[in-house]
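Just so we're aligned, residue 1 is where the first sequence starts under the numbering used here, counting upward by one.
Since the hints were derived computationally from the structure, they do not count as laboratory data.
Fair warning: this is a prediction, and the values are worked out from it, not measured in the lab.
Take these hints with a grain of salt, some might be off.
Straight-line Cα separation of at most 25 Å, PhoX-like style, residue types lysine-lysine; simulated pairs [to be verified]:
| no. | residue 1 | residue 2 |
| --- | --- | --- |
| 1 | 57 | 109 |
| 2 | 54 | 84 |
| 3 | 84 | 17 |
| 4 | 89 | 26 |
| 5 | 54 | 89 |
| 6 | 84 | 26 |
| 7 | 84 | 57 |
| 8 | 17 | 54 |
| 9 | 57 | 17 |
| 10 | 57 | 89 |
| 11 | 26 | 54 |
| 12 | 26 | 109 |
| 13 | 17 | 109 |
| 14 | 26 | 57 |
| 15 | 17 | 89 |
FRET-style restraints, in silico, Cβ to Cβ [said to hold, decoys possible]:
| no. | residue 1 | residue 2 | range |
| --- | --- | --- | --- |
| 16 | 9 | 94 | 34 to 40 Å |
| 17 | 82 | 9 | 29 to 35 Å |
| 18 | 78 | 24 | 19 to 25 Å |
| 19 | 55 | 85 | 17 to 23 Å |
| 20 | 52 | 95 | 14 to 20 Å |
Even glycine gets a Cβ: it sits at the ideal position worked out from N, Cα and C.
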Amino acid sequence: MTSLADFSNTFSDSVRKVVAGIPTGKVATYGQVAELAGRPRAARAVGMVMRTNKDTKAVPCHRVVGSNGALTGYAYGSGVTTKKQMLQKEGVAFRGERADLAVSQWQPKIQK
DNA sequence: AGATTGACCGTGT
DNA sequence: GACACGGCCAATC
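Take these sequences, add in the hints, and give me the full structure.
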């Protein structure tokens, strides 16, 4: 296997698997998740999967932020407010209303 | 099956 | 740094 999506057959499953691999205290961008899922240009579709995702316990969709670290949408709680609170509570570095990607962006293992 | 929408991203002004 | 435009992909109506 060369990527986290090798065990998935559909795009949504790949996305879920990638997001599920994000460790606590770290965040990934939609573009990053899309790339790991096998569709480097499907950042929007990733958002759709999160939106339709019902397994929030298995898939920490709140750890997925915009390319600039901005928190975009959240289908649960009070939206981005709840999302931000959870990320901060998990130890993610924040800079104003945006996650500090320079410090807390998830760095997937390229080799293993 | 076709058209529209959406939790995006990159680039230009 | 903020606003505007276009492109890409998949789910939903």
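Please name the hints from earlier in the document that this structure breaks, with their numbers sorted from lowest to highest.
-> 20
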